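J.: Once you have looked at the hints, place chain B on chain A.
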Amino acid sequence: GENVEQHPSTLSVQEGDSAVIKCTYSDSASNYFPWYKQELGKGPQLIIDIRSNVGEKKDQRIAVTLNKTAKHFSLHITETQPEDSAVYFCAAKGSGGSNYKLTFGKGTLLTVNP
Amino acid sequence: NAGVTQTPKFRVLKTGQSMTLLCAQDMNHEYMYWYRQDPGMGLRLIHYSVGEGTTAKGEVPDGYNVSRLKKQNFLLGLESAAPSQTSVYFCASSRTSGSFGEQFFGPGTRLTVL
Chain A
1 GENVEQHPST LSVQEGDSAV IKCTYSDSAS NYFPWYKQEL GKGPQLIIDI
51 RSNVGEKKDQ RIAVTLNKTA KHFSLHITET QPEDSAVYFC AAKGSGGSNY
101 KLTFGKGTLL TVNP
Chain B
1 NAGVTQTPKF RVLKTGQSMT LLCAQDMNHE YMYWYRQDPG MGLRLIHYSV
51 GEGTTAKGEV PDGYNVSRLK KQNFLLGLES AAPSQTSVYF CASSRTSGSF
101 GEQFFGPGTR LTVL
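Residue numbers (this note's numbering), protein chains in the order written: chain A, 1 to 114; chain B, 1 to 114.
No wet-lab data here; the hints were simulated from the structure. Computed from a predicted model, the values in this text were never measured in an experiment. Some hints could be false.
[Stated by the list, open to error] Some but not every residue of chain A turned toward chain B, in silico, with C-beta under 7 angstroms:
no., residue
1, Lys42
2, Gly43
3, Pro44
4, Leu46
5, Phe104
6, Gly105
7, Lys106
8, Gly107
Every residue, glycine too, gets a C-beta built ideally from N, C-alpha and C.
The shape of chain A in the complex, shown without the other chains (with noise of 0.2 angstroms):
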């Protein structure tokens, strides 16, 4: 099945530098990739996606990027704020029979300090 590897596990920056968060993935048939901001005491929620007939994509302070060949796609936060102190999750949609089962990473732990 389709593993999901996600780095760093935190990352630590100050207000107003850009973050940058990596995964990679295994199932080279899987074509979509969603990210999914985490608060305390919250459920996850999409923050960005991405389709694999995409290279990149951007919404305002957030870009996704993919690398089909090498099978791995980032999450960038630029002009980063207190408020964008969260977990990240990076995510793969399986194919064939299981095109509608997440594999999530590991999450990355964002501080954003002022």
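T.: Quick look at chain B alone, frame taken from chain A:
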């Protein structure tokens, strides 16, 4: 729209006790999922359902049972709780079965088994 709701929010059980977690969604989604979240482990799929009356095993199904008698509800049962089932449980739902389909998460249930 309430989205995905979960009851209860917190629960403490003794080893061997049983309980049922309730998930409800008002988005008319076909697909529903139960995950558990443990420190450093990300989100792991316990069971899922692709429609009313159907259920299937996920990555870590042992010790749990589920039922989907109504489209809007997905129940997770623990027949004989064990300390290893101490975790935060999240329910999610999604609309489509195709390549894409955002999963919407509930706020979680924190379960402690003593």
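J.: If a hint holds in the structure, say so; if it doesn't, say that too.
T.: Checked hints:
1. At its closest, the beta carbon of Lys42(A) sits 6 angstroms from a beta carbon of chain B; the interface hint therefore holds under the 7 angstroms criterion.
2. Checking Gly43(A) against chain B by beta carbon gives a least distance of about 4 angstroms; that is within 7 angstroms, so the hint holds.
3. At a threshold of 7 angstroms, the smallest CB-CB gap from Pro44(A) to chain B is about 5 angstroms, leaving the interface hint in force.
4. At a threshold of 7 angstroms, the smallest CB-CB gap from Leu46(A) to chain B is about 5 angstroms, leaving the interface hint in force.
5. Interface restraint check for Phe104(A): the shortest CB-CB distance to chain B comes to about 4 angstroms, inside 7 angstroms, so the restraint holds.
6. Contact between Gly105(A) and chain B, as hinted, is supported at the beta carbon level, the nearest pair being about 6 angstroms apart and thus within 7 angstroms.
7. Given the 7 angstroms rule on beta carbons, the hint for Lys106(A) holds: about 4 angstroms separates it from the nearest Cβ of chain B.
8. The interface hint given for Gly107(A) holds, since its Cβ lies 5 angstroms from the closest Cβ of chain B, which is under the 7 angstroms cut-off.
Consistency note: the structure conflicts with none of the earlier hints.
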